[in-house]
Amino acid sequence: MRLNKIQQAREQIEKSCAKIGRLVQVMEVCGTHTVALFRHGIRSLLPKNLKLLSGPGCPVCVTDQGYIDTVIDLAGRPDCIIATYGDMIRVPGKNTSLERLSLPNVRIVLSSDDAVTLAKNHPDKTVVFVAVGFETTTPATAVAIEQADKFGLNNFTVLCGHKLVLPAMRALLSGRNDKIDAFLCPGHVSIILGSRAYEPIVKEFKRPCVVGGFEAEQILSGLAKICEQIEQNKPAVDSVYGLAVRPEGNKTSQQWMEKYFEPCDGPWRGLGCIPQGSLRIKDTYAKFDAQKRFSIAQMPAEEPCGCLCGQVLCGLIEPSQCGLFGKKCTPDHPVGPCMVSTEGACAAWYKYGK
Amino acid sequence: MTEENERILLAHGGGGRLMAELIAKTIAPTIYGDKPQNLTDAASVDIDGKEILFTTDSFVVQPLFFPAGDIGKLAVCGTVNDLAVCGAKPQTLSLALIIEEGFAVAALEKILHSIGTTARQAGVAIVTGDTKVVEKGAADGIFINTTGIGPRRRNTRLGFDCIEPGDVILINGTLGDHGMTIMSKRQELAIQSPLQSDCACLHEIIGLLLDALGPKVKFMRDPTRGGLAATLNEITQSCGCGIEIEEKKIPVDPAVKAAADILGFDILNIANEGKFVAVVAADAEKQALDVLRSHPLGRKAARIGVVGPKQPHSLVELITRIGGRRIIGMPYGRELPRIC
Chain A
1 MRLNKIQQAR
11 EQIEKSCAKI
21 GRLVQVMEVC
31 GTHTVALFRH
41 GIRSLLPKNL
51 KLLSGPGCPV
61 CVTDQGYIDT
71 VIDLAGRPDC
81 IIATYGDMIR
91 VPGKNTSLER
101 LSLPNVRIVL
111 SSDDAVTLAK
121 NHPDKTVVFV
131 AVGFETTTPA
141 TAVAIEQADK
151 FGLNNFTVLC
161 GHKLVLPAMR
171 ALLSGRNDKI
181 DAFLCPGHVS
191 IILGSRAYEP
201 IVKEFKRPCV
211 VGGFEAEQIL
221 SGLAKICEQI
231 EQNKPAVDSV
241 YGLAVRPEGN
251 KTSQQWMEKY
261 FEPCDGPWRG
271 LGCIPQGSLR
281 IKDTYAKFDA
291 QKRFSIAQMP
301 AEEPCGCLCG
311 QVLCGLIEPS
321 QCGLFGKKCT
331 PDHPVGPCMV
341 STEGACAAWY
351 KYGK
Chain B
1001 MTEENERILL
1011 AHGGGGRLMA
1021 ELIAKTIAPT
1031 IYGDKPQNLT
1041 DAASVDIDGK
1051 EILFTTDSFV
1061 VQPLFFPAGD
1071 IGKLAVCGTV
1081 NDLAVCGAKP
1091 QTLSLALIIE
1101 EGFAVAALEK
1111 ILHSIGTTAR
1121 QAGVAIVTGD
1131 TKVVEKGAAD
1141 GIFINTTGIG
1151 PRRRNTRLGF
1161 DCIEPGDVIL
1171 INGTLGDHGM
1181 TIMSKRQELA
1191 IQSPLQSDCA
1201 CLHEIIGLLL
1211 DALGPKVKFM
1221 RDPTRGGLAA
1231 TLNEITQSCG
1241 CGIEIEEKKI
1251 PVDPAVKAAA
1261 DILGFDILNI
1271 ANEGKFVAVV
1281 AADAEKQALD
1291 VLRSHPLGRK
1301 AARIGVVGPK
1311 QPHSLVELIT
1321 RIGGRRIIGM
1331 PYGRELPRIC
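Heads up: the protein sequence lines correspond to chains A and B, in order. Oh and the first sequence: position 71 is 71 in our numbering, straight run, nothing missing. The number in our numbering is simply the position in the second sequence, starting from 1, with 1000 added.
Among these hints, one or two may not hold up.
Below 27 Å or equal to it, Euclidean Cα-Cα: the simulated DSSO-like pairs (lysine-lysine) are [what the hints assert, rightly or not]:
| hint | chain 1 | residue 1 | chain 2 | residue 2 |
| --- | --- | --- | --- | --- |
| 1 | B | K1025 | A | K328 |
| 2 | A | K120 | B | K1185 |
| 3 | A | K5 | B | K1257 |
| 4 | B | K1185 | A | K5 |
| 5 | A | K327 | B | K1025 |
| 6 | A | K259 | A | K120 |
| 7 | B | K1136 | A | K120 |
| 8 | A | K125 | B | K1310 |
| 9 | A | K5 | B | K1248 |
| 10 | A | K125 | B | K1248 |
| 11 | B | K1257 | A | K327 |
| 12 | A | K206 | A | K48 |
Chain A is faced by these chain B residues, among others (derived, beta-carbon under 7 Å) [to be verified]:
| hint | residue |
| --- | --- |
| 13 | K1185 |
| 14 | I1250 |
| 15 | P1251 |
| 16 | I1262 |
| 17 | G1264 |
| 18 | G1324 |
| 19 | Y1332 |
Since the hints were made in silico from the structure, they are not lab data. From the three backbone atoms N, C-alpha and C, an ideal C-beta is built for every residue, glycine too.
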């Protein structure tokens, strides 16, 4: 444990925050950061005027209810197998969740590859891969489509719910919450995107963008750099995630994404429609697109009554400021998606901090 | 009133909040009516003036065979450990098998061998049993139930009511080994890893501890489903004292930690099958650790925390490696691998 570096970072944060003198709001745009911040107990070590906001970085939380209801409808079809990442099964749709349905044709997979294997092993069923997540999971979905195409698996489909981080950051600063002083940028996503991808945001909005890893030392060093930049009024792109993040990112993964997906306008839970913030499968690969295969119309993106997940995701309120938090909405009986995923701001808040 | 559409979820069997809720709201009131019951892992029954401890456990693990163990070994160890942590000398077990039609006899033999060997080594006799076969699809290979009895050890007094502020909390070794081994071996989580279950009978090492410390051991519990988090929360809720544990003192195998990190699991919520938490008087800490470390199942024994003062809303708090603080809540009951 490099306690020295941790100590140094903490001192830098203290020093800069004292000099800045006003409330500093830093948003992390990555669910794993949200969890790591709590797990390491970092909030308890920060000066009072440094506030961390949990942004729209948890894939489950930003998935709109219409998408969830579509998955639940498809799960009711005996000719389908639903292949989903684990934390999606507990997200409540309008009336129920995949977990509560407890259907044998809903399978938890750890990777898109497992979903392809399901299609191989069940030629009489159509596998619907519940593809959510940001630039970290999208390349894996692209590879799955490639594999399915190669093996001629016509029974493999993807219900694309993939989203892009940068348009969301831009949307936040363009009106939804302009009080955000800086971003602690997502480590995993940045490996794919490259640190250079944040330059336009720094240039246009004059906000520091620092890529952080998930160890306590990396998070604190990232926050120290952010505070220093704010103190000196020199916003820039920086990374404390070591060699993992290159300026240009991971070209191969980017090419995979470009081959199979294209950006489109799409609904985000709580944030509404974000221009060019979602991905859809290109027409060339339409046969793998579950939405087209099952002629699914976009379902209305209703929000559960009283749920303030949207405001939480924008960093406008803390989870405990929502009237449902800890009362009607708990990890056992979640109302909104931020309470479902372990990465969700509300679940992390409830579990680690209350 | 139960809503008509309420269903049992997998998480109701996970040893976490949902299970506690099911017992408190459905099982206990239906069986006992309004009379509150002190429900523990093993019950004390009086038979002609002799105190006998009595427990039962069912085993439904998948895969049936895993590194350093199988469902048979688990079925013996699990019940032996439930008795041992309550202060009993495990003596006899019953064995009930529910087998799915079509199950390979060779696999059954392998499991039975394992049951026999584990029981012999533990010095417990299997004295009665039952065998049922159900239609294909009505069970997942094989389910096992074991019930065990044993007399209470002399010179021991264990219970939530014995716990006092200042007592120390000990563990006999690394956490999360069993749960992460099982999860990494399950088909959907095919991780290549050298993990091994910690499945073991603990009555011998517990016997050493109780013989040496007597009533200075206040309480013990094996943190199986729900892991250390569930056990500590049960303790704090039942004794009304807060608990403070130190992350850097909690022994964890690096490979187990890595596997848990990949899947987004909290090691404190993961099941163990060869570990026990002991709450011990502060002045007996050194002696207790010496005794534990003298046994092969306690080489990595450690003091992980301390019992705090009585509080109206007692909590389990963790001091993180970097000196931050966070609350350890009761786990939900089912760990789900996260997306990325």
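Taking the hints in turn, this is what the structure says about them:
1. Only pairs whose Cα atoms come within 27 Å are accepted, and B:K1025 paired with A:K328 is accepted, the gap being roughly 18 Å.
2. Taking the CA atoms of A:K120 and B:K1185, the gap is near 21 Å; set against the 27 Å cutoff, the hint holds.
3. Under the criterion of a C-alpha separation no larger than 27 Å, the hint pairing A:K5 with B:K1257 is consistent with the structure, at around 23 Å.
4. For the given pair, B:K1185 sits about 38 Å from A:K5 by alpha-carbon distance, which is inconsistent with the 27 Å threshold.
5. Annotation: proposed proximity of A:K327 to B:K1025 holds, straight-line Cα distance about 18 Å (limit 27 Å).
6. Proximity of A:K259 to A:K120 is assessed by CA-CA distance (about 23 Å); at most 27 Å being required, the pair is judged to hold.
7. Restraint check for B:K1136 and A:K120: the C-alpha separation of about 24 Å stays at or below 27 Å, so the hint holds.
8. This hinted pair does not check out: A:K125 and B:K1310 have alpha carbons roughly 58 Å apart, beyond 27 Å.
9. The suggested pairing of A:K5 with B:K1248 holds, with an alpha-carbon distance near 18 Å, which does not exceed 27 Å.
10. Pair hint A:K125 plus B:K1248 does not hold up; C-alpha atoms about 49 Å apart against a cutoff of 27 Å.
11. Between B:K1257 and A:K327 the alpha-carbon distance is near 33 Å, which puts this suggested pair outside the 27 Å criterion.
12. Among the hinted pairs, A:K206 with A:K48 is consistent with the structure: their alpha-carbon atoms are about 24 Å apart, no more than 27 Å.
13. Taking 7 Å as the C-beta cut-off, the interface hint given for B:K1185 is violated, the closest approach to chain A being about 13 Å.
14. For B:I1250, the interface hint is violated, since its Cβ never comes within 7 Å of a Cβ in chain A; the closest pair sits about 13 Å apart.
15. For B:P1251, the interface hint is violated, since its Cβ never comes within 7 Å of a Cβ in chain A; the closest pair sits about 16 Å apart.
16. The criterion of a C-beta within 7 Å of any C-beta in chain A is not met by B:I1262, whose closest approach is roughly 9 Å, and the hint is violated.
17. Because the beta carbon of B:G1264 sits about 6 Å from the nearest beta carbon in chain A, less than 7 Å, this interface hint is met.
18. At its closest, the beta carbon of B:G1324 sits 2 Å from a beta carbon of chain A; the interface hint therefore holds under the 7 Å criterion.
19. Taking 7 Å as the C-beta contact cut-off toward chain A, the hint placing B:Y1332 at the interface holds, the least distance being around 5 Å.
When the structure is compared with the earlier hints, violations turn up for hints 4, 8, 10, 11, 13, 14, 15 and 16 and for no others.
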